[in-house]
Structure formats: C-alpha cells, structure tokens
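K.L.:
Single-letter residue listing:
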Amino acid sequence: MSLLEIIDGEVTYTRRGEPFVAIRDVNLAIAPGDRVGIVGGSGSGKTTIARLMLGLVQPSAGEVRFGGRPIAEDLSALRRAASLVFQDPNSSLNPRMRVGRIIEEPLRRRGTPAEIATALEEVGLEPGMARRFPHQLSGGQRQRVAIARALIADPQLLVADEPVSALDVLVRAQVLRLIRDEADTRRFALAMISHDLTVVRQVCNRVVVVHGGAIVEEGPVGRVFDDPQHEYTRRLLDATLTL
Amino acid sequence: MRNASLWVGLTLIAVVVLTAAVALFWTPFDPTANGPVLLAPPGWPHVLGTDAFGTDVLSRLMSGAQICLLVGVLSVVGAAVIGVPVGMAAAIFRGWVGEILGRLSDILYGFPALLLAILFAAALGGSTWTAVMAIGIATIPAFVRIARAGTLEVLSQPYVEAAELSDVGRTVIAVRHVLPNIAPMVWVQASVSFGIAILSEAGLSYLGLGSGPDNPTWGRMLREAQDHIFSTPLLALWPGLAIAIATLGFNLLGDGLRDVLDPRLRERA
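If you read the protein sequences in the order shown, they are chains A and B. Here the first sequence is numbered in my numbering, starting from 1 and rising by one per residue. Here the second sequence is numbered in my numbering, starting from 1001 and rising by one per residue.
Chain A with its partners taken away, still in its complex shape (with noise of 0.2 Å):
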C-alpha cells in the first residue's frame, strides 16, 4: 500500500486577482522507502506538489492520502510522521534559537542532550554546536542542522525541496551523501525535488518529470535517463549534458 497518495490533485493559485492553476491532474504514489525525484524547471509546479503532500497549500480538486486516510482528515499525524527539508537554510532556522532547540522541535518537548548530540553526530556537526546560533555556522552546516531536524522525530516520509541549490557547490555532494545515506539506514521515504537531474539520479531510484504543472513522464531512474519518452524530459537532459 502507498504511504503518501495525490489523487488528481489540482492546486489553484490567485495571482493578482486572477485564478492560476499551478498543477493540474497530478497522480503520483510514494510507496515506504519509495525515493522519488521530482524535477522540472522554474514554475513548473514541483514545489508545489511537495507543498501538497505535505498540507501547506489546500488541493482545489482531488485529494491527498496519507496511509490510506485523507490528510484534510488528520493533519496531525501526517505531520508527526513527515517532514521537509527546506531550499534556503537561512531562513528556514530561526535566528533567534541555538541549534540544540532548533533541532528539537519536532519531538515536542525538550529533547536530552544525549538526543541532540546523537542527532548532530549523525548529520556530521559536532555536539558542541547546539550552543551556536545559526548565523555562527556555514551554509553546509546550516543545512545539516535543518537535516537533523528533519530527521529527529523519524519520519516515515522526508520531502526535501530543493535541498542543496541553495549551496555552495564544494558542499552539495556532501549534503545529499547525507540524505542518500540516511535514506539507506532509516528506510524513510523520500520525495527530492529538484531542478537538477544529477542530483536525482545519485539519490531516488524513482523520477517524475513536472511541466506546465502536469506530469509528463514517469519511471524507474535508469530508463528514463537512457530513454526519455516526452519531448521535454529530453530537453531537461539535454540541457544537463551540455553543461
């Protein structure tokens, strides 16, 4: 059975007084353990599906299950049991709170420091730094802390938007290493959205192609890396070669 369901899921937007439908018809079924790379360009509706999943933004038509139960019936528990990973780990830690209590939050109480320590260790920072305010540590590791947060309540499903655009280019492999291997030990599910199909192809096993705010091709990632089927996945390959 799925873990997370979108069944004809339509998303609408107001854009200056006018409705804009950002995706349309979109199928998709992430299976536990499932790692699903969902890419396309700038507004082609990628972060919103990740938005949908996760019940930021409200379908227009269709709906979103989660274990087999709509999520609009308890928001709670699909949010106990998933988390995001945001683009920019500036604005996703608030400045204001030290690591530790950053990292925390998902448990709901006060996490130990045994807790804490275990969680920076996993993501590679050491425990010390759960006195550090965010602004005293590198993008790399600003984005390691917004993984040990994810990660601390053990999701059954991680979305990750765009993780590692955000960084510099030394650390991008380091981060997703990180999620690739976290995937592995923990067997959550992991939907990544990205614009970058290098990106997906070391991590998911799975890929979505978004355009126009539809899905347009669908597969395991080796066949359609090798024998892309719509014009546009071609394209976005093309593009990655070239480069």
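Be aware that a few hints might be false.
Pairwise CB distance ranges, derived in the manner of DEER restraints [said to hold, decoys possible]: (1) Phe1111/B / Pro70/A: 47 to 55 Å; (2) Gln58/A / Ile1082/B: 33 to 41 Å; (3) Gln174/A / Leu1104/B: 51 to 59 Å.
Since the hints were derived computationally from the structure, they do not count as laboratory data. All residues carry an ideal CB built from backbone N, CA and C; glycine is no exception.
Keeping the supplied structure of chain A fixed, place chain B upon it in accordance with the hints.
P.N.:
Frame of chain A, contents of chain B only:
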C-alpha cells in the same frame, strides 16, 4: 566604543534615575515649600535659583524626575503589555478578528496621541494617574502596529512553516518564534515611546491636566517659567534641559538596544 549610542543613552538615563532615587530621601530644600527669596539667580544656597514662589529650583527638578520616570515607565509598560499581544493576535488570527483589531488600532493611531491624552485628562480631571492612563492608552496603538507588522513578517518565514510542520501549535509559535523575533522592534518602540511619554507628561502638566501643584513636574515648571521668560529665562532652561536629557537618553537607548539584541549583529564565533 562599539556601541556609543547605547552607552550614552544609558548614562543619561542613569543620571535621571539616580536623581529621582536621591530625591526620594533628600533634596536641598523642600520642593513644595514657598520661600522668602523670589526669582533668585543661581548661586548659594539656591544652586539653580528660586522660582516665582521662592521654591528652590534644584529641589523641584530632582523631585520632578520621580514623576517623569513614574509616568514614563507605567504608561509605556502598560501600553506594551496590552498592545503587543493584541498586535500579535491581530496578525496570527487572520479573518475578521485580526481585521477588526487591526482597523481599531489604525483608527486609534490616526488620532494624535497628545490630543487623545488631553481628551482623557480633561474628562477625568488632572492628576498623575490620569496622565499615566491617558498617555498609556494613547501609546497602545504604536505597539499594536509594530507587533502586528513584525508578526506578519515573522509568520511568512520558512522557520515558522517548519514549526507548523512540527505540529507545535499556535501558542508555541507565538512565544518561541514570533516574540523573540519582534522583541528588538518592541524595545526600540518602547524607548521611543518613553521619550514621547515624558514629553506628553510635560505637555499635560504644562496645560494643567497632569499632576497637581503639589507634585512638581518638569512640564508644570516650564509653564510657570513662561510668565517670567523675559525677566528670568534660566527658569525655563532647567526643566527644558531635564526633559531633553531624559528624552534623548531613552531614544539613544532604543537605537543601541536594536543592535545589541540582534544576535546576527553580535560578533561571530
């Protein structure tokens, strides 16, 4: 000096606070007793001279510092304690509750604070407590506005979304995420409001709507000096200087606090 305005502000405020504290126990003369020498120039034993009733100016000035601080602290703290939660609520509870709170505060804000204070004082009769209440109520909208604007900005930050995804609840978000991030703005507003409150109190006393004649306030001293402005101009200088020092002190403190309270502006580790 890394933060000059903070230290200068604190020094000026310390002078006012110390003066008020000393005046609790000792003033050179009785600040309310009339004396035989009227309008004496600065000298000995009346260091800053005497006023039209023969009262020692220095003693009145020292005693006035108490009322100035009392009115300033009570009105600003009261306004912040009411205004900040209302402003946060106006931003957090979207829909008609927030809309009504926001509009009410805008209407109150559009009304000149001193005029509002005069209205209250005129309706309730002049006394120190009327001044505190009038200035306090007139100051509330400033805090509502700043708290509401600050809260709206904080709520749009991804770290608040992260907290929502952690399912921590609105109260936790308000206390843990919103309040610490709007605190610097509130402090700055408080110190600016404090300066305005001191001026307003002086204004109300000047108009005879603040503290009674038994309480020598700086504003009342200014008004009394007005009658002798050409013969004894120094009489107006002293309370004017005192008001300027207290107001400037709190404004500088506000400036300095904004920098000190922001961990991003502290030294990097």
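K.L.:
Which of the listed hints are not met by the structure?
P.N.:
When the structure is compared with the hints, none of them turns out to be violated.
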